[in-house]
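Could you put the whole structure together from the sequences, leaning on the hints where they help?
The listed protein sequences derive, respectively, from chains A and B. Each residue of the first sequence is one higher than the one before, counting from 177 in the working numbering. Each residue of the second sequence is one higher than the one before, counting from 177 in the working numbering.
Since no wrong hints were added, every one of them can be taken at face value.
Which copy is meant is left open, so a pair is good if it fits within one copy or across any two.
Only pairs whose alpha carbons sit at most 16 Å apart, straight line, appear in this in silico EDC-like list of lysine to aspartate or glutamate: (1) LYS511 to GLU540; (2) LYS458 to GLU404; (3) LYS511 to ASP541; (4) LYS263 to GLU280; (5) LYS323 to GLU309; (6) LYS306 to ASP320; (7) LYS209 to ASP219; (8) LYS511 to GLU415; (9) LYS663 to GLU481; (10) LYS233 to ASP746; (11) LYS663 to GLU725; (12) LYS323 to GLU298; (13) LYS263 to ASP372; (14) LYS532 to ASP554; (15) LYS233 to ASP747; (16) LYS663 to ASP334; (17) LYS383 to GLU661.
By construction, these hints were calculated from the structure, which means they are not laboratory data. Just so you know, these numbers come straight off a predicted model, no measurement behind them.
2 protein chains.
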Amino acid sequence: MVLERLKQVASHVTGQSPPPHPFDPLSEVEIEKAVAIIRKEHDGLFFNAITLWEPRKSEMMKWVADPDHTPRPHRIADVVAIGRGSKVYDGHVDLNEEKIVHWELTEGVQPLITMEDLQIVETIVRKDPKVIEQCGLIGIPPEDMHKVYCDPWTIGYDERFGSNIRLQQALMYFRPHVDDSQYSYPLDFCPIFNADTQEIIHIDVPKVRRPVNKAPPNNYHAAAIEAEGGFRTDIKPIEITQPEGVSFTMEGRIINWQNWRVHVGFNYREGIVLSNITFNDKGNVRPVFWRLSLAEMVVPYGNPEHPHHRKHAFDLGEYGGGYMTNSLSLGCDCKGAIYYMDAAFVNRAGAATTIKNAICIHEEDAGILFKHTDFRDDSVTVTRAHKLVISHIFTAANYEYCVYWIFHQDGTVQLEIKLTGILNTYAMNPGEDPQGWGTEVYPGVNAHNHQHLFCLRVDPNIDGPSNTVFEVDAARGPGEVGSAENKYGNAFYAKKKKLATQGSSMSDYNGATSRTWEMCNPNKINPYSHKPVSYKLVSREVPELLPKEGGLVWKRAGFARHAIHVTKYDDAQIHPAGRHVPQTSGVPSMGLPAWIAADPDASTDNTDVVLWHTFGITHFPSPEDFPVMPAEPMTLLLRPRNFFTRNPCLDVPPSYSSYPSGGKWDKTDRKSVSAKPKDCCSK
Amino acid sequence: MVLERLKQVASHVTGQSPPPHPFDPLSEVEIEKAVAIIRKEHDGLFFNAITLWEPRKSEMMKWVADPDHTPRPHRIADVVAIGRGSKVYDGHVDLNEEKIVHWELTEGVQPLITMEDLQIVETIVRKDPKVIEQCGLIGIPPEDMHKVYCDPWTIGYDERFGSNIRLQQALMYFRPHVDDSQYSYPLDFCPIFNADTQEIIHIDVPKVRRPVNKAPPNNYHAAAIEAEGGFRTDIKPIEITQPEGVSFTMEGRIINWQNWRVHVGFNYREGIVLSNITFNDKGNVRPVFWRLSLAEMVVPYGNPEHPHHRKHAFDLGEYGGGYMTNSLSLGCDCKGAIYYMDAAFVNRAGAATTIKNAICIHEEDAGILFKHTDFRDDSVTVTRAHKLVISHIFTAANYEYCVYWIFHQDGTVQLEIKLTGILNTYAMNPGEDPQGWGTEVYPGVNAHNHQHLFCLRVDPNIDGPSNTVFEVDAARGPGEVGSAENKYGNAFYAKKKKLATQGSSMSDYNGATSRTWEMCNPNKINPYSHKPVSYKLVSREVPELLPKEGGLVWKRAGFARHAIHVTKYDDAQIHPAGRHVPQTSGVPSMGLPAWIAADPDASTDNTDVVLWHTFGITHFPSPEDFPVMPAEPMTLLLRPRNFFTRNPCLDVPPSYSSYPSGGKWDKTDRKSVSAKPKDCCSK
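In structure tokens form, the structure reads like this:
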């Protein structure tokens, strides 16, 4: 570790960049180097993705433990490229050895749709004669085709077209004026785009036609609000400043904040990846999580009419949460002292591109950390909390997902997601009944019911990699009321069920029992409680997957069938709906169900495990969600239980502390004095 | 309304105080006036509570609608007094007419325990020979009795003593030094205190004795942390300032903030009471809630061993959330520009007393209010939110409850509660097995499992008092996979069940269906969605009451048997576990179960209803909760659904807004300009 740090310092002095941390995302230089190496052997390729092939865990754990005496893991690029005839190649390029170490033509799959892939479709659609014809049928003349827009989605899966042709479905809209929100003007038909031939191969047209909406625009941008009477003027500023700067330090992409130490990675798929998360427990650096990420999502829509069943976006696997990330230089998203990180990707042509300010790191005041007043004498200690927020925001066509990874001083890790942006909308005729599958949120605008289901991948490392997961329910004690053992009926306890094998690890949510899941290290026992050290997943927004068993979404989004799955760690298992998600049929179901089915008896007890947690919300739209949705938050916590021997944040300086004996803490002098307490609050 | 305001202005000019708003809590002067009126007719009384007898709803609704032409409701004091022989008197004093309008001797009840009642017990306990004897048996010599402390609780209910003698149970502790936390030194026996005779009438002694703990102190106050090595020095300040002051205005106790208008009341029992909550919807002042409060709580502990079943505090009904409220001048609890309100009570002797700074009102930045980026051109609008927080904190012996009523710009009302303070603890011997009913959080310290169950009372007024409550589940559509109506199995919808009568209004929580409850006005239909205007209760921390059916807690805390009860409005129904809670046997169960049983067929459909919601958490302690608990938050939302025709906060000025046409919003000039967007964030 010493040598490793010296290297960094030396490189700083000499002006050479330090070697990247093995978990660092590939730099622009590394991406272009990978492309150059591939181009020596293969030509005519478009690039779909080039990202870090993360070091194998066993190798990396050794290096982390002793970087000075362990070979540094090689920098390896994980490549997806598309050749002529939509041929898909998966490869690995060793950047240290400057050679391709793996190259494979992968049949029958479609890699995700990039932003570039998406951008092409609108132009094609506007020129397509059959689309122009359909527009005409619902009242859009050919000269208005420049006012026609589309949100291109992957096709999901459509059995008429299968998996071998690379397709997109174009959800169609109209804008009376270029600045109007098109989501008030959804069109009723859906062209299918062939990405290989760049043409419209089919149009799904509903039986009942719905002419383009005639309602006035419903806009939210500043000019529209000004025109309606302007902005309110009674909001006075709340200034948040950090005159002494931030409380964290960066070593490359490793952040040190309070007792936390975390490597902040990023990839095109998952967005933020947090690795090797440790907590310094009074000098003892204790591993907590090896890796945390949002690994997948699915957003099924609830309208059974054709072709709306195809609307079930896997936003991470089909588009990439990293690829869709906002540059936070375009819109002020945070307050206070902000540290930004950029994100580098490959483009279709093989050049590196960068999203500036893709990741935001900042601190916030977090209210009361703890407080207690002695009712006898009003002696009181109150301590305020700060929190560290590592965030990015991605735009998935109409929707915005704001992802906040939050570290607390008490050892808690929180994931908060805010949903904002715009509802996906469909056309409806005046007087039409949405039949319970959607809501008319504005005249002529049907916003369909939908779920947002996220899959959190937790690779626990609770005082080491040998962990076990328990399902924990609050349960009533065994004796009946009146019995000797439970006379008054008040006995209750935490009932624990070990998720001991892959095949028996599925667990659903139960709100009534306040169900949680504990990731524990059975080899490390808390000296006070005599219970294994653990982190508890507390997640309360856990709806069932509503699409039915055996149906399309159920088959394709196998990870979402249960709130929890546990697998034995495998380096290759990162993507719970599979590596290439678009146009999977769900037969067989890729990712989690396949891994578990391959070895249902694999032990997940006291070994290196991964916990997969599906959570989210079910959204029945209403007019107040339109024309742009007020942010809807959801959150989950990873909380230490029996991990520490004591509240780990007692050394955070208090706002105020006084004692029964009459002394008090002097905040300015940072020491206790015997003076009598007095008021400390500004009125 | 005009006349009413002129009166206020006039009284300001003349120096006379304006008349109180009919919902204002009684002032010190009014409290002492009530005492004086009572004393003319009754002597020898101790006062338990004097609080506003709130104006009858029908009378008050008329006055609110037209204060200039409607008689002002009289100021009436609601009095609980205790006479010789623990006789309890309930009365009403009309302060306008200066006379007692109701006076009654109430048999077989015990009014709540005040802070004064609590403070007496410790002194008595220390002098009691039998307590001294018990202390001796577990290792505390008589000369150390000044180091013996107790948290006096109501006895709950103990069938050996019944309801006629006013009792407290003393949970016993020891402090090696006056500044040591006694919760590390729980004693194993429990004296029973007779409040009438001021003596210890019984001591519950366990079969297995547990000598006083020998572990070193486990303290969290500043001097202790200093002695252990001091506070961390790496936390740099986050300054929150409001240089132009607050964005709200006060008219007496009515707060106007953004579109919200709310009367802020307070009483000894519920603490904060919010009344006549309206939202100004583009000039149309729309009623939302008539009254919101935390009406009751119960904290059952899960250890079935005698006498721990008696630990199930009704913190509001047995002690008073108002009475136990912290003065926020003793401990800096909020940041920014704070507006405080005091709270006046009567003391035992009949004098008025005031808790200074009992209520805190302030604003906070609330992150992103909404955002959307157009992926085609990166045009973006992002708007930040503020929120208004009305809060108080109360200390219930060991625990702290921080109650935050939060108003959002998007029409959402949020209730957030943070639990902090100290675990209730009991003694354990070295090597003793807590048998699943508790956790050894520190050597010799057993923290028992417990629940915190709160009862939120919502008196909805959704565009008027005629409301209906629906239970809403996310449900799968009817057709099987492959059927014509649901070919791909993706159909889902919001399944609604009307809670039409009191007797059929009970609803439990279902996390799997994302169950919510909608309070709607069936007479007011949203013009776009054609659904009734409503507010939806979104609450995700809703454990079942774990004490068993027929057991003591189940009988006494009838409100907690279900997540939801709905009742037809009745002025007299404020306290869901009854008006006088201590020493109720639960036979019959007071409050909600009694009201519903009295008229199970009473319609709750399209009439004036009250929704009672029990929510909370189940807490299995662990060492990190000790010696003081990091704040554990829980929250619920009341969200407008089909109430507005549009996102109601579009007129909040954006941080940034740019359009596809190239224009952007200029924040400084507060108008749109055609300049190209550029970066707006400080790095």
